[in-house]
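For reference, the chains in residue letters:
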Amino acid sequence: MLEIKGLKVSFRTYSGEVQAVRGVDLELEEGGILAIVGESGCGKSVTAQSILKLHDPGIASYKDGEILLDGKDLLKFSEKEIQKIRGKEISMIFQDPMTSLNPTMTVGNQIIEVLREHERDGKGRKISKKAARERAVELLKMVRIPNAERRINEYPHEFSGGQRQRVMIAIAMACAPRILIADEPTTALDVTVQAQILELMKEMQRERGTSIIIISHDMGAVASIAKNVAVMYGGLVVESGTAEDIFYRHEHPYTKGLLDSVPKAGQRKDKELDSIEGTPPDLVKPPVGCPFADRCKYAMQICRDHLPEETVLSEDHKCRCWLLDSECPHKRLSLRKYDDSDGEE
Amino acid sequence: MRKYILKRILLAVVTIYVIMTLTFFIMHSIPGTPFKMGNDSLSEDTIAVLMERYGLDQPLYRQYFKYIGNIFRGDFGVSTSNGYRSVSDIIKTSFPVSADLGIRALIFGTVAGILLGITSALHGGKPVDHMSTVIAIIGISVPSFVLGTVLQTILGLGLSRWVKLIFNTEYQLFPIARWESFRYTLIPSFVLGMGTVAGLARLMRTSMLDVIDQDYVKTAKSKGISNRAIVWKHEVRNAMMPVVTVLGRMIGGVVTGSYIIESQFAIPGLGKYLVNSISSRDYTMTMGLTVFYSIFIVGSMLLVDILYCVVDPRVRLTK
Amino acid sequence: MAITAAVNDKKTFVKDFTRVTRDIEASQKIHRESMTYLQGVVRTLKRNKVAMISLGFIVFLLLVAIFGPMIFPDYEKQDLLHTLQKPGAGHILGTDELGRDVLTRLIRGTRVSLFIGFSAETINLFIGIIYGGIAGFIGGKVDNIMMRIVEVLMSIPQTLVMILMLTILKRGVVTLIFSLTITGWIGLARLVRGQVLALRENEYVVAAKVLGASKKDILFGHLIPNAVGPIIVNYTMSIPGAIGAEAGLSYLGLGISVPEASWGNMLQFGASQFPASLWLFFAPAVLFALAMLAFNLFGDGLRDALDPKMRK
Numbered sequence: 001m002l003e004i005k006g007l008k009v010s011f012r013t014y015s016g017e018v019q020a021v022r023g024v025d026l027e028l029e030e031g032g033i034l035a036i037v038g039e040s041g042c043g044k045s046v047t048a049q050s051i052l053k054l055h056d057p058g059i060a061s062y063k064d065g066e067i068l069l070d071g072k073d074l075l076k077f078s079e080k081e082i083q084k085i086r087g088k089e090i091s092m093i094f095q096d097p098m099t100s101l102n103p104t105m106t107v108g109n110q111i112i113e114v115l116r117e118h119e120r121d122g123k124g125r126k127i128s129k130k131a132a133r134e135r136a137v138e139l140l141k142m143v144r145i146p147n148a149e150r151r152i153n154e155y156p157h158e159f160s161g162g163q164r165q166r167v168m169i170a171i172a173m174a175c176a177p178r179i180l181i182a183d184e185p186t187t188a189l190d191v192t193v194q195a196q197i198l199e200l201m202k203e204m205q206r207e208r209g210t211s212i213i214i215i216s217h218d219m220g221a222v223a224s225i226a227k228n229v230a231v232m233y234g235g236l237v238v239e240s241g242t243a244e245d246i247f248y249r250h251e252h253p254y255t256k257g258l259l260d261s262v263p264k265a266g267q268r269k270d271k272e273l274d275s276i277e278g279t280p281p282d283l284v285k286p287p288v289g290c291p292f293a294d295r296c297k298y299a300m301q302i303c304r305d306h307l308p309e310e311t312v313l314s315e316d317h318k319c320r321c322w323l324l325d326s327e328c329p330h331k332r333l334s335l336r337k338y339d340d341s342d343g344e345e
Numbered sequence: 001m002r003k004y005i006l007k008r009i010l011l012a013v014v015t016i017y018v019i020m021t022l023t024f025f026i027m028h029s030i031p032g033t034p035f036k037m038g039n040d041s042l043s044e045d046t047i048a049v050l051m052e053r054y055g056l057d058q059p060l061y062r063q064y065f066k067y068i069g070n071i072f073r074g075d076f077g078v079s080t081s082n083g084y085r086s087v088s089d090i091i092k093t094s095f096p097v098s099a100d101l102g103i104r105a106l107i108f109g110t111v112a113g114i115l116l117g118i119t120s121a122l123h124g125g126k127p128v129d130h131m132s133t134v135i136a137i138i139g140i141s142v143p144s145f146v147l148g149t150v151l152q153t154i155l156g157l158g159l160s161r162w163v164k165l166i167f168n169t170e171y172q173l174f175p176i177a178r179w180e181s182f183r184y185t186l187i188p189s190f191v192l193g194m195g196t197v198a199g200l201a202r203l204m205r206t207s208m209l210d211v212i213d214q215d216y217v218k219t220a221k222s223k224g225i226s227n228r229a230i231v232w233k234h235e236v237r238n239a240m241m242p243v244v245t246v247l248g249r250m251i252g253g254v255v256t257g258s259y260i261i262e263s264q265f266a267i268p269g270l271g272k273y274l275v276n277s278i279s280s281r282d283y284t285m286t287m288g289l290t291v292f293y294s295i296f297i298v299g300s301m302l303l304v305d306i307l308y309c310v311v312d313p314r315v316r317l318t319k
Numbered sequence: 001m002a003i004t005a006a007v008n009d010k011k012t013f014v015k016d017f018t019r020v021t022r023d024i025e026a027s028q029k030i031h032r033e034s035m036t037y038l039q040g041v042v043r044t045l046k047r048n049k050v051a052m053i054s055l056g057f058i059v060f061l062l063l064v065a066i067f068g069p070m071i072f073p074d075y076e077k078q079d080l081l082h083t084l085q086k087p088g089a090g091h092i093l094g095t096d097e098l099g100r101d102v103l104t105r106l107i108r109g110t111r112v113s114l115f116i117g118f119s120a121e122t123i124n125l126f127i128g129i130i131y132g133g134i135a136g137f138i139g140g141k142v143d144n145i146m147m148r149i150v151e152v153l154m155s156i157p158q159t160l161v162m163i164l165m166l167t168i169l170k171r172g173v174v175t176l177i178f179s180l181t182i183t184g185w186i187g188l189a190r191l192v193r194g195q196v197l198a199l200r201e202n203e204y205v206v207a208a209k210v211l212g213a214s215k216k217d218i219l220f221g222h223l224i225p226n227a228v229g230p231i232i233v234n235y236t237m238s239i240p241g242a243i244g245a246e247a248g249l250s251y252l253g254l255g256i257s258v259p260e261a262s263w264g265n266m267l268q269f270g271a272s273q274f275p276a277s278l279w280l281f282f283a284p285a286v287l288f289a290l291a292m293l294a295f296n297l298f299g300d301g302l303r304d305a306l307d308p309k310m311r312k
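First to last, the protein sequences are chains A, B and C. Be aware that the first sequence starts at 1, since it is given in the working numbering, and climbs by one per residue. Be aware that the second sequence starts at 1, since it is given in the working numbering, and climbs by one per residue. Be aware that the third sequence starts at 1, since it is given in the working numbering, and climbs by one per residue.
Be aware that one or more of the hints could be misleading.
[Said to hold, decoys possible] Keeping only pairs whose Cα atoms sit at most 27 angstroms apart, straight-line, the calculated DSS-like set for lysine-lysine is:
| no. | chain 1 | residue 1 | chain 2 | residue 2 |
| --- | --- | --- | --- | --- |
| 1 | A | Lys5 | A | Lys80 |
| 2 | A | Lys53 | B | Lys233 |
| 3 | A | Lys8 | A | Lys80 |
| 4 | A | Lys285 | A | Lys8 |
| 5 | B | Lys233 | A | Lys80 |
| 6 | A | Lys126 | A | Lys84 |
| 7 | A | Lys227 | A | Lys53 |
| 8 | C | Lys15 | B | Lys7 |
| 9 | B | Lys233 | A | Lys126 |
| 10 | A | Lys331 | C | Lys15 |
[Said to hold, decoys possible] A few chain C residues that don't get close to chain A, going by computed Cβ distances all over 12 angstroms:
| no. | residue |
| --- | --- |
| 11 | Phe13 |
| 12 | Val20 |
| 13 | Thr21 |
| 14 | Lys49 |
| 15 | Val59 |
| 16 | Pro87 |
| 17 | Phe115 |
| 18 | Ile134 |
| 19 | Gly139 |
| 20 | Met165 |
| 21 | Arg171 |
| 22 | Gly194 |
| 23 | Ala198 |
| 24 | Val258 |
| 25 | Ala276 |
[Claimed, not checked] Stretches of chain C that chain B covers, calculated by requiring three or more beta carbons in the stretch to come under 8 angstroms of a beta carbon on chain B:
| no. | stretch |
| --- | --- |
| 26 | 61 to 75 |
| 27 | 243 to 250 |
Just so you know, these hints were derived from the structure itself, not from any lab. Beta carbons: idealized from backbone N, C-alpha and C, even for Gly.
Assemble the whole structure, with the sequences as input and the hints as a guide.
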């Protein structure tokens, strides 16, 4: 349904042009849940916000690629046309519910606003304020805000963080979009609330058939919800596949690093979590080779000199790593058991 | 919120009281009597009679309480430079003119300033932005009497000379003095409002630029709201909040700043009396007008404070 | 499972699969010029042409104010035979109604006006830092009382305070500066207090406390230096305010009185002669406007440079 092909996005900044996204391919199927995972600055949020062309056109430019919704390229849409997609076909929720709601507008009006923008009555006119209001109450009930009739008149600061994110979901779901993009929806929330929000999103997918793209830096958070996972690093998708592929059959050292940094049930408490040493590359001057080479335990000379092509491991599972090259003399990751100490064999 | 408003009212009362007291003691620290200044013809006896008549022969504390009591009754004393007319009478007749000028200037200043600030922020870094910055800074940089002089000469005298040359009539589109019909109000209101335009344009620009980067603007965009609705319903609305907080001070600035315009354009407002009272050393008048102006300004700041509580839901509920 | 990468004709390089060690350092090397906060501020400011030109003009004005009157000392010299002369040879900017040279008076006026602006605001700066610093640092009840006092003072319109002071005191530079400082420090005091409050709970202050630094050391060693940016901006922007206030008071005859020269009284006199003797008006008006512009634009540029968000 939604397909991103070879997307390249750059931002003009004082220190030069940041190549935030350097050729990303992604696919979201009808009713699917795709997770995009990676550290901050890997280009995951930029990719997601590009789908709705939310970047400031004065700073961001879409250098290459297409974003196809039912075969139509959203990047070629005019501002007017994309406005009809935003909130209606594809909607979005953001990381910080504290700041993503307008503080001087009642919660109800923020829901009503999107309804009146897109929804039409039988005669093709904007739906009435009264009808929109009723719908807004229903939506608040749907996201389980108690006393919805009363609370619809309240302002965002009267809601808790988790409730605000529920309101955001209500706004996003108001026009029953086909795709919901959630940009780090749980990062700013308490752990207990995180699970509730994820559960609510799953419910939307299950009961309304909404496809979801969830962006997170936390492998643990997406494990419970994602059907497909794409791991991004340095503006590229380094590995993508079904959740099983990524969690159990991953081939990229970065994916392994991300997974190792998540605490696992039953793990001994005194055992230190593995973290990935170093910092992501500066995308003003992206490295010529694999962006992860400098931090990689398995790095080879070729990794520094040449960017690996994508290796197709199965229909869904793809990975960009020189270890998978047919001429590579070293063992690939999935064939190394109990090897988390260093790169030596 | 009620507690907050009560606190503000209390503070306003204290402020006015402090100003009254300070003014009183400052004025009474001046050596001599109000009747000696530049009026040497009065004999010692006459002065003594006058002193007694206005209670100036009584001990200071008595005078002080009397003064405070009088102010509460709306009595600011008499003006020696205006034929012993009562100060409150002068205020009654001339303040409406000042208020009229002030309101016109404020309306022009706020509307133009806010629009200029919005335009400038929406075209950040482009020529429109630079142009409005220049307008704003000229508004701050050029003193009103300089701007007034230039406009009087060019728009008033210069234009009417051309009118005379072409149409052979004495018609003045922008009269340069007095306060009679709408045409008379144009230049003075413009000149007086220019400071407000400048101040608000810059404040609104900064405030808008701040708001434009906020997450909720991105949310609004992601909802498919049209650009115009985003600007007006989300950005401007939020950017207005800091503007509301300075409105009180703006009113004060316009009202106390009008004395220059009033004397320049021969507008029979209160400011002109203030200027005259200073130059003729009419202390009761200066004192009375100072207190009156303070009450007015403190009052308008209080009003704006309360207004702010009403418009900003965050303040409304937390305070 | 298909294992090989898609065949690519362009791949003519030799595949070197030699193991290399990790290079964490390289990954941490930032390719952008790394710089301290101050370096960033200076660099951004230097790139801002408008701000740099403004700064240049301010420096020029200061030089004129300091050295100008030494070269052109006769600002009071009257020449009743050559009154109201148009600009020309001998008197580049003409003469006034008493035959005094306008250029010489303008130079003198620059010294007087800048002196008023700088000294009034410098005094305000000191009072503001001390008052705001104490209120913010001690906090609690003391802060509460100090801020209530500030709120009362803030409601007193500055124009009125100045008019009152200049009405009852002997008019002149000192009185003018004094009247500018009566309520002028309040803005800075509030700013300083806000900065101190915000910085007070910062981790490094807590660290300094734990290490046993005295309160005084914390205040002057840690807090003030960090709050300094916005304070400098406020200081720069308030100088034209003070100079402008003198001009406004001159109109009431409460400013600097002749024969002393100031921008205010020259402007006032020039405006009263407008448009008959244009030069008497334009010379001070242009210089005054340029000076105001320079201070405001430099302040703007400085504020932008100090704001990391604006720097990007």
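Hints versus structure:
| no. | hint | result |
| --- | --- | --- |
| 1 | A:Lys5 / A:Lys80 | holds, 23 angstroms |
| 2 | A:Lys53 / B:Lys233 | holds, 21 angstroms |
| 3 | A:Lys8 / A:Lys80 | holds, 23 angstroms |
| 4 | A:Lys285 / A:Lys8 | holds, 15 angstroms |
| 5 | B:Lys233 / A:Lys80 | holds, 18 angstroms |
| 6 | A:Lys126 / A:Lys84 | holds, 14 angstroms |
| 7 | A:Lys227 / A:Lys53 | holds, 25 angstroms |
| 8 | C:Lys15 / B:Lys7 | violated, 78 angstroms |
| 9 | B:Lys233 / A:Lys126 | holds, 18 angstroms |
| 10 | A:Lys331 / C:Lys15 | holds, 16 angstroms |
| 11 | Phe13 | violated, 6 angstroms |
| 12 | Val20 | violated, 5 angstroms |
| 13 | Thr21 | violated, 8 angstroms |
| 14 | Lys49 | holds, 15 angstroms |
| 15 | Val59 | holds, 26 angstroms |
| 16 | Pro87 | holds, 46 angstroms |
| 17 | Phe115 | holds, 39 angstroms |
| 18 | Ile134 | holds, 33 angstroms |
| 19 | Gly139 | holds, 25 angstroms |
| 20 | Met165 | holds, 42 angstroms |
| 21 | Arg171 | holds, 49 angstroms |
| 22 | Gly194 | holds, 21 angstroms |
| 23 | Ala198 | holds, 19 angstroms |
| 24 | Val258 | holds, 51 angstroms |
| 25 | Ala276 | holds, 51 angstroms |
| 26 | 61 to 75 | violated (count 0) |
| 27 | 243 to 250 | holds (count 3) |
Consistency note: the structure conflicts with the earlier hints numbered 8, 11, 12, 13 and 26.
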